[in-house]
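Chemist: Spelled out from the first residue to the last, the chains are:
Protein chains: 2
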Amino acid sequence: MTATITAFASSPDRGRGLARDMRVRWAFEEVGQPYDVRLVSFKAMKETAHMRLHPFGQIPTLEDRGIQLFETGAIILHIAERHAGLLPDDAASRARAIAWMFCALNTIEPPIVEREQTRFTEGDKPWHAERVPLMDDRIRTRLRQLSAWLGDRDWLEDVFSAGDLMMVMVLRRAEGTGLIDEFPNLTAYVARAEARPAYQRAYDAQHAVFVAAGDKRR
Amino acid sequence: MTATITAFASSPDRGRGLARDMRVRWAFEEVGQPYDVRLVSFKAMKETAHMRLHPFGQIPTLEDRGIQLFETGAIILHIAERHAGLLPDDAASRARAIAWMFCALNTIEPPIVEREQTRFTEGDKPWHAERVPLMDDRIRTRLRQLSAWLGDRDWLEDVFSAGDLMMVMVLRRAEGTGLIDEFPNLTAYVARAEARPAYQRAYDAQHAVFVAAGDKRR
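Sequence order for the protein chains is A and B.
Take 993 as the starting number for the first sequence in the working numbering and just add one per residue.
Take 993 as the starting number for the second sequence in the working numbering and just add one per residue.
Here chain A stands alone, though its shape is the one from the complex (with noise of 0.2 Å):
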């Protein structure tokens, strides 16, 4: 029985890898499990039979073997815990790298998705210009506290994790922001994820069905 997760039929991202199906996707990389994805129309996300499975209409949604969930960061957590590859064997490191996981979502991301979504949402009001470099500065004091953790490590603890994935899936939120050039070692780190295998794998597989919603919509 292979896992099936929802993911955007047609992603506004515009197959850059950065809506939360490729997150679970790299997750499924890393453990070398096979998974399958059924898409989900915006229309069909806002729908009952999607809500059901998904309380906030978002994707991506995971089921498993009678598990039903919904949340990247539990659906991750839930892959993470049944292969490995996502999470050392100790308790006190395996505890740490849920620790980043929690980090990443709670931390490190609300600023940064603040950014992004305000610029659809008051994009034209008169002072979004004026608000822009206050929400940087926000972010920047985070990435500069996660710098300062990171020094010259390749991962944020001794060995890669789930903790690690996340992050570097909530860095990557910020591109075409320019904040996360201002540190050196961030970029590093988000550029030795980007080499894993499993992260391409993923990236490929995301970025096919963008280019194939592409080839339907002419």
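Because the hints were derived from the structure by calculation, they are not lab data.
Beta carbons are placed, not taken as given, at the ideal position from N, Cα and C, and that holds for glycine.
Don't take each hint at face value.
Listed next, the in silico EDC-like pairs over lysine to aspartate or glutamate satisfying Cα-Cα at most 20 Å (straight line) [what the hints assert, rightly or not]:
| id | chain 1 | residue 1 | chain 2 | residue 2 |
| --- | --- | --- | --- | --- |
| 1 | A | 1117 | B | 1116 |
| 2 | B | 1117 | A | 1114 |
| 3 | A | 1208 | A | 1196 |
| 4 | A | 1117 | B | 1173 |
| 5 | B | 1117 | A | 1122 |
| 6 | B | 1038 | B | 1055 |
| 7 | B | 1038 | A | 1114 |
| 8 | A | 1208 | A | 1005 |
| 9 | A | 1035 | A | 1005 |
| 10 | B | 1117 | A | 1116 |
The following residues of chain B were derived to be distant from chain A, with all beta-carbon distances above 10 Å [as the list claims (entries may be wrong)]:
| id | residue |
| --- | --- |
| 11 | 1041 |
| 12 | 1128 |
| 13 | 1138 |
Fit chain B to the given chain A structure using the hints.
Modeler: Only chain B this time, still in chain A's reference frame:
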């Protein structure tokens, strides 16, 4: 060996139990485990000794028999995995409880904290008053979906879990906005949680710290 957490020496919430140590105290009370508290001043939070425990200079942290953790979500998951009372036994229910933890922290909390924070960082800006209804609407969208999911259930799933604990604490962060009151089943849900003896013990413990700090200031 009792676990030790950190908390504000002088909480900015004036003892209302909105600081994140309340979440961890409540978790310990639900599983019936004692814990020690080390109080940290705002100054000490940004100094090297604490930043080694918490790379972002915040509270709470956890030190538990060689395990050092930051991020409230990770700390509560650590407690819930080691002691009965916060995660159901069967795999599917356990995974869903964890999904609700992530949901509270990554889907519900960010717009609530954003609104709270801009009061301090942008409260004096000419655009702030006009932005409040925009921020309220974003929160309202999430609350409406959460309310629809909850329906007439007591808890988010069949039994109270760490997911409810986290969700209730996140909803409490919106106190004073009037937004929760728009959804009677969410108001009742928060009240139901606050009536739990474990919640009350945790609340009293953090409130006692605030009262004692006030005594010292006199």
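Chemist: Hinted pair, alpha-carbon criterion (20 Å max): residue 1117 of chain B, residue 1114 of chain A. Please report holds or violated.
Modeler: holds, 16 Å
Chemist: Residue 1117 of chain B and residue 1116 of chain A were given as a pair; does the straight-line alpha-carbon distance stay at or below 20 Å?
Modeler: With a Cα-Cα distance of about 18 Å, the restraint between residue 1117 of chain B and residue 1116 of chain A holds, given a limit of 20 Å.
Chemist: Could you let me know if the closest chain A CB is still more than 10 Å away from the CB of residue 1041 of chain B?
Modeler: Its Cβ never comes within 10 Å of chain A, the nearest being 15 Å, so this holds.
Chemist: Between the alpha carbons of residue 1208 of chain A and residue 1196 of chain A, is the straight-line distance 20 Å or under?
Modeler: Distance ~18 Å between residue 1208 of chain A and residue 1196 of chain A Cα, so the pair holds.
Chemist: For the pair supplied as a hint, residue 1038 of chain B and residue 1055 of chain B, is the alpha-carbon distance within the 20 Å limit?
Modeler: holds, 18 Å
Chemist: Please work out if residue 1208 of chain A and residue 1005 of chain A have their alpha carbons no farther apart than 20 Å.
Modeler: holds, 17 Å
Chemist: Straight-line Cα separation of residue 1038 of chain B and residue 1114 of chain A no greater than 20 Å?
Modeler: violated, 34 Å
Chemist: Should the label of residue 1128 of chain B as a non-interface residue stand, given a Cβ cut-off of 10 Å to chain A?
Modeler: holds, 13 Å
Chemist: Given the hint that residue 1117 of chain B pairs with residue 1122 of chain A, test it: the Cα-Cα distance must not exceed 20 Å.
Modeler: holds, 10 Å
Chemist: Non-interface claim for residue 1138 of chain B: all C-beta distances to chain A beyond 10 Å?
Modeler: violated, 7 Å
Chemist: Next pair to validate is residue 1035 of chain A with residue 1005 of chain A; report whether the Cα-Cα distance is within 20 Å.
Modeler: holds, 17 Å
Chemist: Taking 20 Å as the top limit, are the C-alpha atoms of residue 1117 of chain A and residue 1173 of chain B close enough?
Modeler: Violated. Residue 1117 of chain A to residue 1173 of chain B sits at ~29 Å, over the 20 Å cutoff.
The structure does not agree with the numbered hints 4, 7, 13 stated previously, though it agrees with the rest.
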